[in-house]
Each structure stands twice: as C-alpha cells, then as structure tokens.
Amino acid sequence: MKLMPTPFKENGLVSAATASPLTAGAALILMMNRKKADALGLSYRYKYAYGTQAGNDPTLMGIGPIDAVKKLFQKTGLSAGDIGAIELNEAFASQSLAVIRVLKLDNDNAPFTKVNTWGGAMALGHPLGQSGARLVVTLLNRLKCDYPEEKYGLVTLCGGFGDANAVLLEKI
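To convert, note that position 6 of the sequence shown is 49 in our numbering; the numbers rise steadily by one, no gaps.
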C-alpha cells in the first residue's frame with residue numbers, strides 16, 4: 044500500500060487501497076403506503092420512519108453524515124445505542140472511520156458489530172447513482188438475517204459536494 048499513488052495530496056493517505064472502486068450495480072426499492080401494499084398482497088417488514096439531509100463545507104468531503112445523523116437523532120430522540128444495524132457509505136476508509144468515531148456508531152476500530160458487517164463500498168464497490176438503494180437493500184437484508192429482533196436500522200451516505208443523508212428504518 045505504501046507504493047500506491049495518492050492522487051489527492053502528495054504523501055496523502057487516500058489511495059486505491061483505501062477508496063471504494065466505481066462499479067456497476069442495480070437495486071430496487073418499492074415504496075408505498077400500507078393500504079396499497081395490502082391491496083396488492085405485498086409483505087413488508089420495515090417502514091421509512093424518518094430522514095434528514097445536511098450540508099457542510101464541500102472541501103471536507105465525506106463527513107456530512109455526522110451532521111445528518113446528529114440531526115436525525117435530535118429529531119427522533121434516538122441515539123446510536125438504539126440502532127441495531129447501520130449501513131454507512133464508505134467513500135474512503137478515513138472518512139468512514141471519522142464518521143463512526145465521532146458519532147460513536149460502533150467500536151473505534153474493526154471488527155465492527157453494527158456498521159457494514161457484510162462489507163461496505165470498499166469491498167462491494169460504489170455504484171454511482173444507486174449507492175443509496177444498495178445501502179437500503181443491504182440494510183434490510185442484514186436486519187432480516189442477522190438482527191431480526193432489532194427495531195431500527197440506519198442508512199447514511201455522503202455526497203461529493205458536502206451534502207449527506209440519513210434514513211431511519213423502523214420494524215413494523
């Protein structure tokens with residue numbers, strides 16, 4: 044890893060080894076009210092409970108989830124301890140660790156017990172334009188398979204220009 048070029052800053056920490064690769068991907072999220080789902084005979088396990096958006100200095104790429112999640116916790120009265128599983132978009136290793144540590148979402152270092160336990164964007168890839176859908180689908184499957192007793196799941200991701208989103212899913 045020491046020999047890999049650091050494209051953003053001379054002697055920087057971000058390289059191909061610590062950044063998520065761009066990939067192709069597909070995911071589908073179908074949202075509707077319960078009445079319509081019942082009429083169509085569709086099952087459901089979780090609902091969209093709350094969502095927030097935040098912005099910060101665009102030169103500080105990747106830390107927007109800190110503000111988005113703080114805002115979500117403030118509005119809902121929840122804390123990191125209330126969340127069973129978390130999908131955090133991993134733009135870069137350093138960015139992900141900063142968000143995890145500042146918000147106390149999980150252990151300070153791997154192995155993590157809540158965040159991206161099936162692998163994040165560095166392992167699975169970063170399919171531009173559908174990262175949010177991939178994160179939600181992964182979270183729903185993790186909640187079903189690994190955390191069936193948990194009430195809440197959290198998805199958060201940053202954008203390239205200082206924006207970020209956080210979405211809370213709640214078991215029905």
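Treat each hint with caution, since some may be false.
[Unchecked claim] Simulated pairs of lysine-lysine, DSS-like, Cα-Cα distance not exceeding 25 Å:
hint, residue 1, residue 2
1, K147, K118
2, K194, K114
3, K187, K214
4, K194, K78
5, K79, K90
6, K147, K78
7, K147, K79
8, K79, K114
[Unchecked claim] Label-pair ranges, simulated between beta-carbon atoms:
hint, residue 1, residue 2, range
9, E53, E213, 20 to 28 Å
10, Q96, G120, 15 to 23 Å
11, G84, S122, 18 to 26 Å
Everything labelled a hint here was simulated from the structure, so no lab data went into it.
Note that CB positions come from ideal geometry on N, CA and C, so glycine has one too.
Going through the hints against the structure:
1. For the suggested pair K147 and K118, the alpha carbons sit about 18 Å apart, so the restraint of at most 25 Å is met.
2. Using a Cα cut-off of 25 Å, the hinted pair K194 and K114 holds, with the two alpha carbons roughly 19 Å apart.
3. Proposed proximity of K187 and K214 is supported: the alpha carbons are some 10 Å apart, at most 25 Å.
4. Proximity of K194 to K78 is assessed by CA-CA distance (about 22 Å); at most 25 Å being required, the pair is judged to hold.
5. For a cut-off of 25 Å, the pair hint linking K79 to K90 stands: about 14 Å separates their Cα positions.
6. Taking the CA atoms of K147 and K78, the gap is about 37 Å. The hint is violated against a cut of 25 Å.
7. At roughly 38 Å between alpha-carbon atoms, K147 and K79 are farther apart than 25 Å, so this suggested pair is violated.
8. Straight-line distance between C-alpha atoms of K79 and K114 comes to about 31 Å, which puts the hinted pair past the 25 Å bound.
9. Between E53 and E213 the C-beta distance comes to about 46 Å, which lies outside the given range of 20 to 28 Å.
10. Our hint of 15 to 23 Å for Q96 and G120 holds, since their Cβ atoms are close to 19 Å apart.
11. For the pair G84 and S122, the supplied restraint of 18 to 26 Å is violated, since their beta-carbon distance comes to about 37 Å.
The structure does not agree with the numbered hints 6, 7, 8, 9, 11 stated previously, though it agrees with the rest.
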